[in-house]
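Chains A and B, in that order, give the protein sequences.
Letter by letter, the first sequence follows residues 1 to 267 in this note's numbering.
Letter by letter, the second sequence follows residues 268 to 587 in this note's numbering.
Treat the hints with care, as some may be off.
[To be verified] As a list, the in silico SDA-like pairs of lysine to any residue whose alpha-carbon atoms are at most 20 Å apart:
id, chain 1, residue 1, chain 2, residue 2
1, A, LYS138, B, ASP459
2, A, LYS138, A, GLY122
3, A, LYS138, B, ARG443
4, A, LYS232, A, GLY262
5, A, LYS138, A, THR157
6, A, LYS138, A, GLN181
7, A, LYS138, A, GLN156
8, A, LYS232, A, ASN195
9, A, LYS162, B, PRO564
10, A, LYS138, A, LYS162
11, A, LYS232, A, GLU244
12, A, LYS162, B, GLY384
13, A, LYS138, B, ALA460
14, A, LYS138, A, MET119
15, A, LYS162, B, GLN565
16, A, LYS162, A, VAL145
17, A, LYS232, A, GLY204
18, A, LYS232, A, PRO247
19, A, LYS138, A, GLN155
20, A, LYS162, B, ASP459
21, A, LYS162, B, THR461
22, A, LYS232, A, ILE242
23, A, LYS162, A, GLN181
24, A, LYS232, A, ARG212
[Said to hold, decoys possible] Okay, the calculated bits of chain B under chain A, using three or more residues with CB under 8 Å as the criterion:
id, region
25, 445-451
26, 455-467
No wet-lab data here; the hints were simulated from the structure.
It should be emphasised that the depicted structure is a prediction, and the values quoted were computed from it without experimental measurement.
The beta carbon of each residue, even a glycine, is placed where N, CA and C say it ideally should be.
Listed below are the residues making up each chain.
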Amino acid sequence: MSAADGAIAPTESALLTLREVTKSFGGLTAVNGVSFAVGEGAVVGLIGPNGAGKTTVFNLITGNYQPNHGDIHFTGQRLNGLRTHRIIMLGIARTFQNIRLFQQLTVLENALAGCHYRMSGGILAGMLWLPTQRRVEKAAVERAVQELEFVGLGQQTLTVAKNLSYGDQRRLEIARALATQPRLLILDEPAGGMNEQETEALIGLIEQIRARGITILLIEHDMRLVMRACEKLVVLEHGGKIAEGSPEQVRSDPRVIEAYLGTEDEV
Amino acid sequence: MKPRLDWIGAGLFAALLAVAPLFLNAYQVDVLNSIGLYALLALGLNLILGEAGLFNMGHAAFYAMGAYTAAILNTRYQIPILWTLPLSGLVAGAFALAVARPVVHLRGDYLLIVTIGVGEIVRIALVNDVFGITGGANGIFGINRPRVFGYIIRRPEDFFYLIWGCVALTIFLFLRLKRSRFGRALNYLREDATAAEGSGINTDYYKLAVFGLGAAWAGMAGTLFAAKMTIISPESFSFWESVVLFMIVILGGAGSIPGVLLAAFLVVGLPELFREFAGARMLVFGLVMMVMMVVRPQGLWPARGHQGFSLAALARAVGP
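Next comes chain A alone, as it looks inside the complex (with noise of 0.2 Å):
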């Protein structure tokens, strides 16, 4: 796999750029020499068969990993060696492939853990309950409404989050990333578990999330999905890139198609 095709320096209208990126867990190379960059306002796809190393991504951009080569910069700041909630108030927020919500916590709640950061008070004024913490939770509730109303949760804020549907459990993630206020989103599989209908309004509030201005990077495995909403596509194959470019590019290159179709003397 080589790691020159996609040399890509980072550049002043990249939000987000990955160079020559590597992470090996013991012998086995999850990313290999991957570099990719996304641009500011766009909406950009991870894709690649199973096991190609596309969560490993996101969790080295979100420093769940440490890459151990290569660097990832966002808004000209190295993420490398950052703890994951300095990066996340550096302005990316993401979702996670098997849903991680607060499962015993509210709707509301959950919506409350991205607005924490921005917030003030600690042990004192919360035991105190002074006037300036009161002012500060009552900000912070309104801030999370409005992501939930955003999302269609509006009516749910006091339910249990594993009452929840699938998908609306799916649409909680992305409220609970909204209120951190990122200037990139990172979905992993929003589309996963849903069914068509749920697929068809998530590609809809897909559209919305980035009519705000936010920079969206998704993996996902519905191709009609991603078709629709990215404008650009990266594919991942066995921890290395092998195609990068819009989608129609991407669903014509031959490496892309063996990837996902196998070659006929693997049949």
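Chain B: place on chain A using the hints.
For chain B alone, coordinates are given in the frame of chain A:
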């Protein structure tokens, strides 16, 4: 239950408790005092174990730090015992931060074992008269009675109002803390630390902060204990104390303040009621715990919306 009913119930309970010393003998009031101290300790542990889901079975170590700080300051430097309250809290809290810092990233069962170790180290250090100031196995005696506005607190009834006043203040403060930004952060931590970190929350900071806070509360409870007993020794801070506190939180319903109070009454009060069956006490105790964990794992009085946490957390802790 409706919130208003909750408050009526809490008010009735407080009123009943407030007049209880008028009808009880000194021994019975003393039992209530013990319950109050355990409630105070368990409320602090509840922040760590119930709200944040961090397994701490060494809470007695922080209790001991507070009690010994108060006792040493009082007997050596003649500082009035109640004045040592904030300092005992600070010492216990600082100690907790120091020991928790390298281990707080550990998960469930690993953290549990480390905290057991910390508890034992503290107890053994006290027995061995560390720095020559803890009095070894005999402990420290001759701690002064506390004095409030010139009134010397001496009788069990006096201590009753001091201790339960502290419990009431603690509940007042912790109820507010629970619904604040800080309290929510603890719940995020318990539910899913990865998701919390992924929402921009500095999970390491909150783990340390809650350890410090819970320990500081134990330290202050230690001061009250030293003042009440006038003599303290390492055997009051054994591993068993940590286990009992852990049990109170899990039995009552992790994260539930009324649950913790109820369990403190049951775990500390019931053995006193059944003194004549002292021989079978541990047997009954063990059986009750087993039945509880099978039949009602969420605790006697679980926190709203947190059903099943204790079982889930225990399963996580013992699982792979």
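Comparing the hints with the structure gives:
Of the supplied pair hints, the one linking A:LYS138 and B:ASP459 is violated, its CA atoms being roughly 24 Å apart against a limit of 20 Å. Taking the CA atoms of A:LYS138 and A:GLY122, the gap is near 16 Å; set against the 20 Å cutoff, the hint holds. Taking the CA atoms of A:LYS138 and B:ARG443, the gap is near 15 Å; set against the 20 Å cutoff, the hint holds. With a C-alpha separation of about 23 Å, the suggested pair A:LYS232 and A:GLY262 falls outside the 20 Å cut-off, and the hint is violated.
Restraint check: the Cα-Cα separation between A:LYS138 and A:THR157 comes to about 15 Å, which is no more than 20 Å; the hinted pair holds. Between A:LYS138 and A:GLN181 the alpha-carbon distance is near 17 Å, which keeps this suggested pair within the 20 Å criterion. For the hint pairing A:LYS138 with A:GLN156, the CA-to-CA distance comes to about 18 Å; that is within 20 Å, so the pair holds. For the hint pairing A:LYS232 with A:ASN195, the CA-to-CA distance comes to about 24 Å; that exceeds 20 Å, so the pair is violated.
Under the criterion of a C-alpha separation no larger than 20 Å, the hint pairing A:LYS162 with B:PRO564 is consistent with the structure, at around 19 Å. Note on A:LYS138 and A:LYS162: the hinted pairing is violated, with a Cα-Cα distance of about 25 Å set against a maximum of 20 Å. For the proposed pair A:LYS232 and A:GLU244, the alpha carbon gap of about 7 Å is at most 20 Å, so the pair holds. For a cut-off of 20 Å, the pair hint linking A:LYS162 to B:GLY384 is broken: about 36 Å separates their Cα positions.
As the CA atoms of A:LYS138 and B:ALA460 are separated by approximately 25 Å, the hinted pair breaks the 20 Å bound. Distance hint between A:LYS138 and A:MET119 is fulfilled; the C-alpha atoms sit about 11 Å from each other, no more than 20 Å. A threshold of 20 Å between alpha carbons decides the hint, and for A:LYS162 with B:GLN565 the separation of about 16 Å falls inside it, so the pair holds. Taking the CA atoms of A:LYS162 and A:VAL145, the gap is about 18 Å. The hint holds against a cut of 20 Å.
Distance hint between A:LYS232 and A:GLY204 is fulfilled; the C-alpha atoms sit about 18 Å from each other, no more than 20 Å. Taken as a hint, the A:LYS232 and A:PRO247 pair is honoured in the structure, with Cα atoms around 6 Å apart against an allowance of 20 Å. Simply put, A:LYS138 and A:GLN155 have alpha-carbon atoms about 18 Å apart, close enough for the 20 Å limit, and the pair holds. Distance check on the hinted pair: A:LYS162 and B:ASP459 sit about 13 Å apart at the alpha-carbon level, within 20 Å; holds.
The hinted pair formed by A:LYS162 and B:THR461 meets the criterion: a straight-line CA distance of about 17 Å does not exceed 20 Å. Under the criterion of a C-alpha separation no larger than 20 Å, the hint pairing A:LYS232 with A:ILE242 is consistent with the structure, at around 14 Å. Distance hint between A:LYS162 and A:GLN181 is unfulfilled; the C-alpha atoms sit about 24 Å from each other, more than 20 Å. The hinted pair formed by A:LYS232 and A:ARG212 meets the criterion: a straight-line CA distance of about 19 Å does not exceed 20 Å.
Coverage of the region 445-451 of chain B by chain A holds. Counting CB-CB distances below 8 Å, 5 residues qualify, and the rule asks for three or more. Note: the region 455-467 of chain B has 10 residues with beta-carbon separation from chain A under 8 Å; the three-residue rule is met and the coverage holds.
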